[in-house]
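**Q** Take a look at the letters that make up each chain.
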Amino acid sequence: MLERDFASVLHAAARGDENAFARLYRDAHPPLVRYLRVLAGQGAEDVAAEVWLEVARRLARFRGDEREFRGWLFTLARRRVIDQRRYADRHPVRLTDDAEELDRAAADDTAAAALDNMSTEAVLGLIATLPAFQAEVIVLRVIAGLDVGQVVRITGRRPGAVRMAGLRGLRRLAARLSAEAETRKGVTG
Amino acid sequence: MRAGDGSPDEMPHVPRLGDRQHLDAATAEGLLAGRGVPGDSPTGQQALARMLEIAARPPGDEELAGVAAAVAGFVLVSSTPSSTQTEARREARPRARRLTRLTLVCAAGAVALGGSAAFAGALPARLQEMVHVMFGAPAPGHEVSHPARGSQGRHPAKGPGYLQQGVPVGGPGHDQTTAAAASPTATPTTTPPATPTPTLKPPKRRRYPGPPRPTASPEPTMPGCLATTTTSPRSRSLRRKAPGESAAGRRPQLSPPTSGRRPVALA
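Protein sequences appear in the order of chains B and S. Numbering-wise (my numbering), the first sequence opens with residue 1 and increments by one. Numbering-wise (my numbering), the second sequence opens with residue 1 and increments by one.
For the record, the hints were derived by calculation from the structure and aren't laboratory data. Do not take every clue at face value.
[Said to hold, decoys possible] Partial list, computed: chain B residues near chain S (C-beta under 8 Å):
| no. | residue |
| --- | --- |
| 1 | Leu2 |
| 2 | Gly16 |
| 3 | Pro131 |
| 4 | Gly166 |
| 5 | Arg171 |
| 6 | Leu173 |
| 7 | Leu177 |
Using N, Cα and C, we set each Cβ at its ideal position, and we do this for glycine too.
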């Protein structure tokens with residue numbers, strides 16, 4: 001979080017300063033992509049790029065502090081995901097036979113990065129197995145750092161529903177972790 | 001299967017249920033807010049806290065690999081006028097048009113009002129003088145005659161029984177007969193104006209000039225004498241009653257006018 005510097009950085013970015021925009025991006029992009037990985041899966045990077053273009057267009061008109069900026073950013077991302085799902089429903093993907101081409105690794109994929117990503121990816125994958133609303137609440141609260149009120153504004157649900165979804169999601173995650181631990185213990189023992 | 005059957009390893013779901021029951025709302029709220037769990041918490045909760053820490057840990061370089069592309073997109077978007085800016089301009093256009101129209105209406109109103117005031121002689125003296133020089137409006141000292149009263153009507157300062165001809169009368173109740181249609185037998189008497197009014201000016205244009213005036217034979221203005229005045233029927237018809245003027249106050253007519261010359265009794 002930029003905290004004290006946020007106002008000046010936002011003001012500079014709104015006037016077209018590239019460095020200020022890069023600071024906003026470095027600060028807010030990682031939680032955004034993680035949120036989108038839970039919601040949109042493999043298309044997270046594409047959706048995030050569209051969201052940042054939208055932010056660049058509307059940045060001059062944004063008024064608010066850093067928390068409101070994050071709320072605005074994740075609201076844009078959520079709407080993009082919903083649009084993408086509607087588009088996918090109208091245009092079903094036709095699978096090709098060339099599976100090797102689809103499974104091709106990225107060019108910048110190194111062993112260290114893959115190992116590092118594995119843990120984050122594994123956690124995000126585990127969260128993504130939760131029911132959609134529970135996973136969304138956990139990501140918005142834990143990764144994006146938003147409070148209940150902001151999650152309520154983004155999702156349009158009631159505060160009680162948001163709190164209950166977070167609690168149930170955590171309990172479910174704890175249960176799965178315990179199950180994995182028991183399984184691992186059984187395998188090693 | 002009963003509860004005593006089998007070991008806990010054979011029933012892996014039992015401790016999991018116990019962990020789930022221990023995660024109360026307050027602990028869950030602490031985990032979601034990033035505060036973690038106390039050190040003496042159950043193992044499942046500590047594992048959950050560790051997992052959430054991993055999910056929220058600082059980003060690696062690979063997650064920020066797209067910063068250059070994002071900045072390039074930002075430069076592209078901010079250098080071209082966006083749709084929102086276009087909309088804002090479109091919204092501002094009618095406002096500017098309305099403002100221009102209002103300004104024009106105000107300017108036209110000011111010009112009309114100023115013109116009326118200038119030609120009515122109601123402007124301050126210096127301004128009136130300037131307008132007089134520039135546009136030919138009446139001079140500052142000039143009193144403008146009201147068009148409804150006519151250029152040959154009564155002077156508003158005079159009382160009943162006075163004809164306005166630019167020359168004041170000699171006394172009350174006397175008619176002014178300056179139209180030089182006096183009788184040729186009349187002796188010339190020079191009666192200077194008692195109180196000349198500087199603001200009075202002879203009318204510039206007369207509709208009916210009347211018979212030719214003798215060059216130097218002003219008519220007598222002695223009390224009690226009869227005098228003739230030349231008044232055309234048209235000018236009489238144009239003559240209006242002044243405010244407060246009654247029929248008795250008007251000049252008595254001894255005979256109906258026939259040829260524009262009529263005797264007037266001066267009481």
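**Q** Determine for every hint whether it applies to the structure shown.
**A** Hint-by-hint comparison with the structure:
no., hint, in the structure
1, Leu2, "violated, 14 Å"
2, Gly16, "holds, 5 Å"
3, Pro131, "violated, 16 Å"
4, Gly166, "holds, 5 Å"
5, Arg171, "holds, 5 Å"
6, Leu173, "holds, 6 Å"
7, Leu177, "holds, 5 Å"
Violated hints, listed in ascending order, are 1 and 3; each of the other numbered hints is respected by the structure.
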